[in-house]
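**Student:** Assemble the whole structure, with the sequences as input and the hints as a guide.
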Amino acid sequence: MTGDTGRTLSRQTAIVGIGATEFSKESGRSELQLSVEAARAALADCGLTPADVDGLTTFTMDTSSEIALARELGIPELRFFSRINYGGGAACATVQQAAMAVATGVADVVVCYRGFNERSGSRFGQFSVAAATQVNTNGLDNAWTYPMGLGTPAATVAMQARRYLHEYGATSEDFGRVAVADRRHAATNPNAFFYGKPITLEDHQASRMIAEPLHLLDCCQESDGAVALVVTSADRARDLPHPPAYVVAAAQGSGRDQFVMTSYYRDDIGIPEMGVVGRELWRQSGLGPDDMAMGVLYDHFTPYVLMQLEELGFCGPGEAKDFIADGAIEIGGRLPLNTHGGQLGEAYIHGMNGIAEGVRQVRGTSVNQVPDVQHLVVTAGTGVPTSGLVLGR
Amino acid sequence: MSHPTSATAEPLVDPAVHEQVMAEAERIKALGEASERLARDPVNQPTISNWLEAMGNDNPRFRQGEAPPSMVQVWTMYGLGGKAPADDPLHAMMNVLTDTGFTAVLGTNCEQSYERYLRVGEQLRVTTALDSVVGPKKTAMGVGYFVTSRSTWYVDHEDGSAEQVASMLFRVLKFVPTRAVQPPVDPPEASVADAADGPDASRFVLRPMKNRDTEFFWEGTAAGELRVQRCNACGVLRHPPGPACPSCGALDRGHVAASGRGTVFSYVVHRHPPVPGRELPILLVLVDLDEGVRMVGELVDTEPTEVEIGMPVQVDFRRVDDDLTLPVWRRTGPAEGSRA
Ligand SMILES: [Zn+2]
Numbered sequence: 001m002t003g004d005t006g007r008t009l010s011r012q013t014a015i016v017g018i019g020a021t022e023f024s025k026e027s028g029r030s031e032l033q034l035s036v037e038a039a040r041a042a043l044a045d046c047g048l049t050p051a052d053v054d055g056l057t058t059f060t061m062d063t064s065s066e067i068a069l070a071r072e073l074g075i076p077e078l079r080f081f082s083r084i085n086y087g088g089g090a091a092c093a094t095v096q097q098a099a100m101a102v103a104t105g106v107a108d109v110v111v112c113y114r115g116f117n118e119r120s121g122s123r124f125g126q127f128s129v130a131a132a133t134q135v136n137t138n139g140l141d142n143a144w145t146y147p148m149g150l151g152t153p154a155a156t157v158a159m160q161a162r163r164y165l166h167e168y169g170a171t172s173e174d175f176g177r178v179a180v181a182d183r184r185h186a187a188t189n190p191n192a193f194f195y196g197k198p199i200t201l202e203d204h205q206a207s208r209m210i211a212e213p214l215h216l217l218d219c220c221q222e223s224d225g226a227v228a229l230v231v232t233s234a235d236r237a238r239d240l241p242h243p244p245a246y247v248v249a250a251a252q253g254s255g256r257d258q259f260v261m262t263s264y265y266r267d268d269i270g271i272p273e274m275g276v277v278g279r280e281l282w283r284q285s286g287l288g289p290d291d292m293a294m295g296v297l298y299d300h301f302t303p304y305v306l307m308q309l310e311e312l313g314f315c316g317p318g319e320a321k322d323f324i325a326d327g328a329i330e331i332g333g334r335l336p337l338n339t340h341g342g343q344l345g346e347a348y349i350h351g352m353n354g355i356a357e358g359v360r361q362v363r364g365t366s367v368n369q370v371p372d373v374q375h376l377v378v379t380a381g382t383g384v385p386t387s388g389l390v391l392g393r
Numbered sequence: 001m002s003h004p005t006s007a008t009a010e011p012l013v014d015p016a017v018h019e020q021v022m023a024e025a026e027r028i029k030a031l032g033e034a035s036e037r038l039a040r041d042p043v044n045q046p047t048i049s050n051w052l053e054a055m056g057n058d059n060p061r062f063r064q065g066e067a068p069p070s071m072v073q074v075w076t077m078y079g080l081g082g083k084a085p086a087d088d089p090l091h092a093m094m095n096v097l098t099d100t101g102f103t104a105v106l107g108t109n110c111e112q113s114y115e116r117y118l119r120v121g122e123q124l125r126v127t128t129a130l131d132s133v134v135g136p137k138k139t140a141m142g143v144g145y146f147v148t149s150r151s152t153w154y155v156d157h158e159d160g161s162a163e164q165v166a167s168m169l170f171r172v173l174k175f176v177p178t179r180a181v182q183p184p185v186d187p188p189e190a191s192v193a194d195a196a197d198g199p200d201a202s203r204f205v206l207r208p209m210k211n212r213d214t215e216f217f218w219e220g221t222a223a224g225e226l227r228v229q230r231c232n233a234c235g236v237l238r239h240p241p242g243p244a245c246p247s248c249g250a251l252d253r254g255h256v257a258a259s260g261r262g263t264v265f266s267y268v269v270h271r272h273p274p275v276p277g278r279e280l281p282i283l284l285v286l287v288d289l290d291e292g293v294r295m296v297g298e299l300v301d302t303e304p305t306e307v308e309i310g311m312p313v314q315v316d317f318r319r320v321d322d323d324l325t326l327p328v329w330r331r332t333g334p335a336e337g338s339r340a
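Protein chains in written order, with the numbering used here: chain U, 1 to 393; chain A, 1 to 340.
Treat the hints loosely; a few may be bogus.
[Said to hold, decoys possible] Subject to a maximum C-alpha distance of 20 Å in a straight line, what follows is the list of computed SDA-like cross-link-like pairs (lysine to any residue):
hint, chain 1, residue 1, chain 2, residue 2
1, A, K210, U, N138
2, U, K321, U, D268
3, A, K210, U, V135
Rather than coming from a laboratory, the hints here were simulated on the basis of the structure.
**Tutor:** Structure, rendered in C-alpha cells:
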C-alpha cells in the first residue's frame, strides 16, 4: 500500500441503479432527452426518485449540462456536479467522481450519465476538423497530426496497432479474435445492435480495410443512445432492490508524455496510461488480475483489448495474442470479456454501457452471465487519459 | 533564431484589389454628407440625468437646461435594433473592405469637437461623410486601410439656417489579421461540414493551430527547414515543442534545423473515411529522426505495399499556400535487413 492506511474509497459506495435507452443509428430525439430517459430508467431501477438525487456527473464532451438534466428530471437542488475530460476515457471516472463525492459526504445520490446522437448527429468516426481547431492545448497537440492527414480515430489507433504487430509478431487475426468474441456475446443480447449477428474470423479478415492494419470489423459502430448509473453509499445501497455493485476500486490514469489518441512521442507508443489505472485498481482493491471473474475492456478498436490485457497484468507484454488464442475471452473461457457484446457488438456509448454490464454481472442478471462473479474489472476509453473500476459483491 | 519573413518586393495588397478599394473610396467620398438623420427625441432632461448618473457626473450646470457636450452622440444613436441607412458612407466603405478580405476592424481614433453647449428642447440632426481612406498600411495587427469618417451635428433654426454644433472624426483600421492568432480553418468553421462534402472539398485546407510556442516550426517548414526545439540550457531536443524543457525545466529555448533524415517507426494506410481536401489512400508515417525525436507526416510517392517499418526516409516540403507548408517524407531506400 502506498496510500495512507485508513483512507480508502474501496467499498464505501455502490452502483445501485442502471438505465439506458435503446441503442440505434437514429434515435429521433435530442441528446438531452436521451439522457433524461436513461436517468429516469436508472432511478426507477433502484427505486429512487429525482428528489433523492443531489449530484450529477458526466463527460466534458457531453452536450447536455448537469443543470439542463436537473431541470428536465425535476431534481430540486444539486450539491455536486462535475465533468471529466478526454472522450471515452471519462467513463469509469464519472463513477469515481460520484463515489468520491458520496464517500466524503459531499453528496448522497449521484447520477452518472452520457447521452448522444453519435451516429445520426455529430459522428466521432469522421475526420474531426473540430478536434484539430480547438482553441486550447488539445488543438495545438493535434497540429502535429491532423494537418498531415492523420485525424480519424481509426487512423490514430492504426499507428499504434501497426507498431504493436511489429514488436510482438501479432497478426490482424489476433485483433479479429476480439471482434469474434464480442459479436458472439452480442448475438445473444437482445439489446445489442448486432443481436443475432455473430461473425467468424473469416468475416473479419474479409471486411474492408479502414486504416491498415485495421479492418472494418476492428472498429466499433457509431451509435445513438444514453446510459445512466446511480451511485450511493454502501449503507443506503443495502436497502435498495438489487444487490449492490460495490465500487471496490476506482482509478484514473495518465501516462508519461501523454497525448489524446496520439501519444506517439514516448518510447512505448502503447497505452501505459492503462497501466497507471491498473496498478491503482489493484492497490485500492487489494486484489489482482487473478481475482477477476471477467472483464469489460473498452473496445472501440480491437487492438486496444490486447494491449489492455497486458497493461492490466492479465498477461505479459506481447503475450495477449496467446492469452486470447483459445477462446479465453469468450463466454465459458478463462476470462470472458465484454459479455454484453462490447462496443463492437452492443453499442458505442462511450463505455458507459460496459459499466452497466459490469453491474448486471455482479447482480447475476446478464444475458451472458458468468458464474459466481465476485469481482470484475471495467475500463474506459483507450488511447486517451483514462479510468477504470473494480466492481464486486 | 533566424526569421524567414525577410523583406520582399511584393506589394502589401494585390494592385487590382487596391485599385478597387480606392475607386470605391472616391465614389463614396463624392456622396458628401449623407445618411442624414434626425435625433429620435429633442435634447431632454431625463436622458441627460440618466447619462450623468451613468458617468458619475454631478455638475449642477446640467440640471438647469444645458446638456454636456460630450453627450452629442447620444442624441442621434440608432437605438436598440436600429440600423445604419443604406446610404451611410462609413458602412458602405466598411462593406467594400470586408468584401475584399479586410475583415477585421479596430477603432483607432475618435475626436469630437463642440461648438457650444446644447440646450434642452433643441432638435439635432446628424450627417456622416467619408473623409479619407488611407492605405494599404502594414500594422502590428495586419495589413489594412485606415478609414476616417466625419459626423456633423446641426441644429436647424426657424429662419432656415443650419447651425453646426458639433463634429466627430472617427477612424478605424480595417485589416487582414496577421497569423499570430490564425483563423484555424479555411473556409471558416461554420461551413466546414459543407466544404468537406461539397464540390469544393478538394480545396479544403486544414490549418494547424499555432501559438508562440510552436510557430517556429511552421516558419521553418515555410523556409524549407525541419526545425526541432532545443533547450538553450541543457541542449535537449524535443518534438512536439512546448514552453518548458522536460529535462531541466528551462524556459529558454531555441531550435535546430534537423537533417531531415529518419526511419519509419510505424505507419498507417488511411483508406476510409474521407479526409477533407485530400485524396485517399493517404500513407502516414511516424518517423524516428536521426536527431532522436519523432514526427508524424505523409509519405509521398510511395505505394502502400512499399512501406515498411525501419525504412529510411528524407523530409521534403509541400507548400500549400503562403500560410502553410507541410513537411512530407520520401523513401530513400528499403528497410535495413528487409526483403526488398
Ligand atoms: Zn533543458
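**Student:** It remains to establish, for every hint, whether it holds in the given structure.
**Tutor:** The hints, checked one at a time:
1. For the suggested pair K210/A and N138/U, the alpha carbons sit about 11 Å apart, so the restraint of at most 20 Å is met.
2. The suggested pairing of K321/U with D268/U holds, with an alpha-carbon distance near 18 Å, which does not exceed 20 Å.
3. The straight-line distance between the Cα atoms of K210/A and V135/U is roughly 9 Å, inside the 20 Å bound, and the hint therefore holds.
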